[in-house]
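Asker: Chains as they are written, first to last, in numbering that gives the first Met the number 0: chain A, 0 to 247; chain B, 0 to 285; chain C, 0 to 318.
Keep in mind the hints are simulated off the structure, nothing from the lab. Virtual Cβ for every residue (Gly too), placed ideally from N, Cα, C. Fair warning: there could be bad hints in the mix.
[What the hints assert, rightly or not] Computed from the model, here is a short list of chain C residues facing chain A with C-beta under 8 Å:
(1) K103
(2) G177
(3) Q183
(4) G192
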Amino acid sequence: MSAPLLQVQGLTKRFGGVAAVNQVSFDLAPGRIVGLIGPNGAGKTTLVNLITGVHRADSGSLQFEGRDVTQQRPFEAACRGLSRTFQIVQPFPRMSVLDNVTAGALFAGKAASPAQARADAMAQLRFVGLQALADRPAASLTLPSRKRLELAKSLAMRPRLLLLDEVNAGLNSAEIGAAIELIRAIAAQGITVLLIEHLMKVVFSLCDDLLVLHHGELIAQGSPQAVAADPKVIEAYLGTKYAERMRA
Amino acid sequence: MIGLQILVNGLTLGALYACLAVGFSLVWGVLNVINMLHGSLIILGGYLTWYAWLHWQVHPLAALLPVALLLFALGWVIQMTMINRLVRQPVLTTLTVTFGLDLILYNAMNVLFDATPRRITLDLGTLSLGEVVLAWDRIVAFVLALALTLLLYAVMNASRTGRAIVAVRMDRDAAELMGIRINRVYAMTFALGAGLAGACGALMAMVFPITTNISGLLLGKAFVVCVIGGLGTVPGALVGGLVLGLIESLSGHLFGPQNAVLIGYGLMLVLLMTRPTGLLGRKGYE
Amino acid sequence: MKRSMAIFAVFALAVAAVPLAGDNYLLQQATFVAMYCALALSWNLIGGYAGYPSFATAAFVGLGAYAGALLQNAGLPMVAAWVGATLITAAFAALLGYGLLRMKGHYFAVGSISIVEVLRLVASSWAGLTGGGEGLNVPIMPGGPEFAGRVFLYAMWAVMLLAFASAVWVDRSRLGFGLRCIEQNEDAADMVGVPVTRYKTAAFTLSALFCGTVGAISASWVSYIAPTDAFSILLTLKVPVMVLLGGPGSLLGPVIGAASFVLIEQTVWSRFLDYNQAALGLVIVLLIFFLPGGVLGRLRWRAKPAVQPGAAPAAGSAP
Numbered sequence: 000m001s002a003p004l005l006q007v008q009g010l011t012k013r014f015g016g017v018a019a020v021n022q023v024s025f026d027l028a029p030g031r032i033v034g035l036i037g038p039n040g041a042g043k044t045t046l047v048n049l050i051t052g053v054h055r056a057d058s059g060s061l062q063f064e065g066r067d068v069t070q071q072r073p074f075e076a077a078c079r080g081l082s083r084t085f086q087i088v089q090p091f092p093r094m095s096v097l098d099n100v101t102a103g104a105l106f107a108g109k110a111a112s113p114a115q116a117r118a119d120a121m122a123q124l125r126f127v128g129l130q131a132l133a134d135r136p137a138a139s140l141t142l143p144s145r146k147r148l149e150l151a152k153s154l155a156m157r158p159r160l161l162l163l164d165e166v167n168a169g170l171n172s173a174e175i176g177a178a179i180e181l182i183r184a185i186a187a188q189g190i191t192v193l194l195i196e197h198l199m200k201v202v203f204s205l206c207d208d209l210l211v212l213h214h215g216e217l218i219a220q221g222s223p224q225a226v227a228a229d230p231k232v233i234e235a236y237l238g239t240k241y242a243e244r245m246r247a
Numbered sequence: 000m001i002g003l004q005i006l007v008n009g010l011t012l013g014a015l016y017a018c019l020a021v022g023f024s025l026v027w028g029v030l031n032v033i034n035m036l037h038g039s040l041i042i043l044g045g046y047l048t049w050y051a052w053l054h055w056q057v058h059p060l061a062a063l064l065p066v067a068l069l070l071f072a073l074g075w076v077i078q079m080t081m082i083n084r085l086v087r088q089p090v091l092t093t094l095t096v097t098f099g100l101d102l103i104l105y106n107a108m109n110v111l112f113d114a115t116p117r118r119i120t121l122d123l124g125t126l127s128l129g130e131v132v133l134a135w136d137r138i139v140a141f142v143l144a145l146a147l148t149l150l151l152y153a154v155m156n157a158s159r160t161g162r163a164i165v166a167v168r169m170d171r172d173a174a175e176l177m178g179i180r181i182n183r184v185y186a187m188t189f190a191l192g193a194g195l196a197g198a199c200g201a202l203m204a205m206v207f208p209i210t211t212n213i214s215g216l217l218l219g220k221a222f223v224v225c226v227i228g229g230l231g232t233v234p235g236a237l238v239g240g241l242v243l244g245l246i247e248s249l250s251g252h253l254f255g256p257q258n259a260v261l262i263g264y265g266l267m268l269v270l271l272m273t274r275p276t277g278l279l280g281r282k283g284y285e
Numbered sequence: 000m001k002r003s004m005a006i007f008a009v010f011a012l013a014v015a016a017v018p019l020a021g022d023n024y025l026l027q028q029a030t031f032v033a034m035y036c037a038l039a040l041s042w043n044l045i046g047g048y049a050g051y052p053s054f055a056t057a058a059f060v061g062l063g064a065y066a067g068a069l070l071q072n073a074g075l076p077m078v079a080a081w082v083g084a085t086l087i088t089a090a091f092a093a094l095l096g097y098g099l100l101r102m103k104g105h106y107f108a109v110g111s112i113s114i115v116e117v118l119r120l121v122a123s124s125w126a127g128l129t130g131g132g133e134g135l136n137v138p139i140m141p142g143g144p145e146f147a148g149r150v151f152l153y154a155m156w157a158v159m160l161l162a163f164a165s166a167v168w169v170d171r172s173r174l175g176f177g178l179r180c181i182e183q184n185e186d187a188a189d190m191v192g193v194p195v196t197r198y199k200t201a202a203f204t205l206s207a208l209f210c211g212t213v214g215a216i217s218a219s220w221v222s223y224i225a226p227t228d229a230f231s232i233l234l235t236l237k238v239p240v241m242v243l244l245g246g247p248g249s250l251l252g253p254v255i256g257a258a259s260f261v262l263i264e265q266t267v268w269s270r271f272l273d274y275n276q277a278a279l280g281l282v283i284v285l286l287i288f289f290l291p292g293g294v295l296g297r298l299r300w301r302a303k304p305a306v307q308p309g310a311a312p313a314a315g316s317a318p
């Protein structure tokens with residue numbers, strides 16, 4: 000068995016008096032597609048923020064590829080191969096679509112020169128299907144296109160672990176189907192994927208493993224089937240009364 | 000006791016600082032415009048008061064209200080014609096435009112009044128309480144400065160206009176949705192700021208020599224007060240002013256008067272790096 | 000890019016050829032043009048590319064002036080003193096940047112302008128070192144005024160060339176790209192791997208570097224410096240205006256702006272002696288209201304709506 004890509008141990012983050020993430024521990028094996036699910040406010044985005052250095056943990060540790068990265072800053076995480084997308088897309092609004100992706104290639108992607116970075120960026124745009132829009136300003140894109148731009152940018156960063164934060168929010172059925180295929184293709188390139196998702200259809204069709212967060216705590220992990228049958232998970236999503244009814 | 004004298008000096012100075020900064024703070028907090036004209040508006044108020052004193056024997060206390068109203072009107076006009084266009088612009092734009100306007104005002108004043116320091120000598124004598132000595136004109140200025148500041152506070156809290164200004168400061172878009180006419184609020188705020196500057200200038204004319212040369216100095220004080228106390232609120236300006244006054248008084252005694260100003264700026268820089276919203280600060284503007 | 004460099008080359012040649020005209024006034028004006036071009040090009044790095052509106056220009060010019068004067072008075076040859084002043088200014092900027100660049104927008108503007116005041120006050124009160132309010136004298140260069148005039152023109156001219164070269168280098172490099180990202184969305188830049196703090200500090204230091212040189216050269220040129228002139232608030236506000244006039248975030252914008260501004264200032268000065276400040280103020284106000292995006296902005300975005308001053312054009316589209 001290969002060494003875990005990411006090791007999270009006892010990670011805790013408080014905002015005010017509330018523990019958004021509380022003593023979370025898990026390992027991520029390389030080459031898997033893992034889903035991070037849980038009700039709203041469970042702390043999923045906070046966990047991703049902790050992993051990518053946006054927030055600093057109050058206690059606990061993070062190891063990525065064997066190195067301790069608990070204190071890392073966002074740009075360090077990016078350069079180490081940790082890439083993420085945002086729920087609310089954050090482009091460089093006045094730059095072209097191509098330049099947005101070039102930014103990813105040039106810095107975290109460690110391209111040799113701006114010219115090389117542009118070439119890499121173009122390749123990523125083709126991969127996600129946005130090459131026709133390369134010269135448009137990023138601010139002029141529709142939502143699904145912006146999501147794909149985010150994806151292209153994070154791929155240009157040459158990640159080894161890609162964290163997707165609700166890539167499918169706001170997309171219709173057809174667009175979601177396309178997104179699923181795209182994510183499969185990404186994983187096929189050897190990139191480990193962790194995705195925050197609310198849509199069970201996506202979760203069940205894509206994920207090898209699931210992590211379930213509730214009130215900041217990891218309440219279950221395992222294969223989608225196992226997790227779906229876990230009474231704690233049912234209770235978290237459906238509530239105690241329903242859970243009892245289902246058991247009865 | 001020296002300490003008491005320093006304290007009293009600091010407080011009297013502080014009230015003046017609060018009064019001179021509060022209009023600036025409001026404009027910055029509500030319109031998001033750094034008004035480089037502010038120092039010159041104060042000087043204009045001072046000059047007008049001095050002029051009335053010299054030529055028409057108007058006592059500065061009597062001149063206070065008319066001067067304030069005059070500057071209020073001037074502020075309204077300036078805002079409607081020019082500042083209004085600046086409100087959503089980046090700081091680079093607002094700072095340079097108000098600086099340009101300041102150059103115009105500054106030049107005009109130099110031509111009209113020339114830069115010789117003008118002083119209204121009231122010769123009211125001094126008050127001695129134990130070992131503490133206070134000039135009466137300073138006491139009057141202190142009381143009035145405090146009164147003006149508190150008056151503004153009352154206006155902000157009790158009048159419809161005041162509440163509208165506070166609403167716009169907190170959330171411009173929400174205020175607009177509530178039916179508040181934003182342009183009118185902006186004009187009112189800027190005009191209030193100008194009016195207060197004028198009143199403050201009238202007060203200062205009683206105590207200090209007035210010259211365009213110090214308009215930059217006054218503006219600088221306003222900056223420091225805002226950073227120390229927090230933007231856009233009267234309590235913030237009051238706290239900021241008093242703190243600055245006390246610090247200057249103490250530093251002036253310990254390190255000499257020129258270094259007192261330096262220490263004030265130093266404190267401001269430290270605060271900008273650590274807690275830019277100030278002691279009482281809430282939403283800071285970027 | 001190539002076209003900008005060609006245009007600049009022609010401009011630089013024109014400036015270098017001014018002594019041939021034999022007119023002292025023209026020589027002086029050309030020296031000012033070169034000086035302001037250097038200052039504007041430098042400012043553009045932090046104000047245009049990175050989007051941090053710095054009003055600290057006068058702080059660095061003044062610091063360079065005092066450093067240069069003190070070094071010269073200590074016995075250093077003139078050019079060595081200039082180099083020394085440049086290094087001192089750069090070091091100061093790098094240290095200052097660490098604290099100052101944490102602030103954004105309004106606070107950064109206020110912080111940067113107060114540095115000018117602080118340095119001025121320090122220069123005024125540290126009389127033992129700086130001569131206080133009395134000022135400092137600097138040894139006059141031997142060789143007569145005409146020779147001196149030419150030396151100082153070419154000195155400023157050389158700084159202008161260096162400033163332009165560094166602007167070109169930044170524009171093409173990873174640093175320039177990163178600065179544009181920072182200007183548009185600092186958090187996103189961080190997430191994409193841009194070392195934000197390092198890049199901002201680099202831009203700030205680079206922007207201060209040539210200001211120091213200009214200051215030192217000015218001190219030698221005028222042979223006398225005093226706190227209020229060395230740390231001039233007017234200068235610190237004129238330089239951003241020049242860049243706004245020409246068009247921020249581009250290579251030629253600062254040059255066009257600086258040259259035009261000197262021209263305007265000279266016309267105004269000669270006609271409105273008593274009102275020249277007010278006239279200058281009026282120019283600034285009209286400029287901002289009617290030429291947002293500067294001259295280049297008007298030319299480039301003829302069809303599109305006017306861009307807000309301070310907004311950098313899309314990366315890679317610099318001429």
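Asker: Now tell me, hint by hint, if it's right for this structure.
Answerer: Each hint, compared with the structure:
1. K103: Violated, about 17 Å.
2. G177: With Cβ-Cβ at 7 Å, under 8 Å, it holds.
3. Q183: holds, 4 Å
4. G192: holds, 3 Å
In summary, the one numbered hint that this structure violates is 1.
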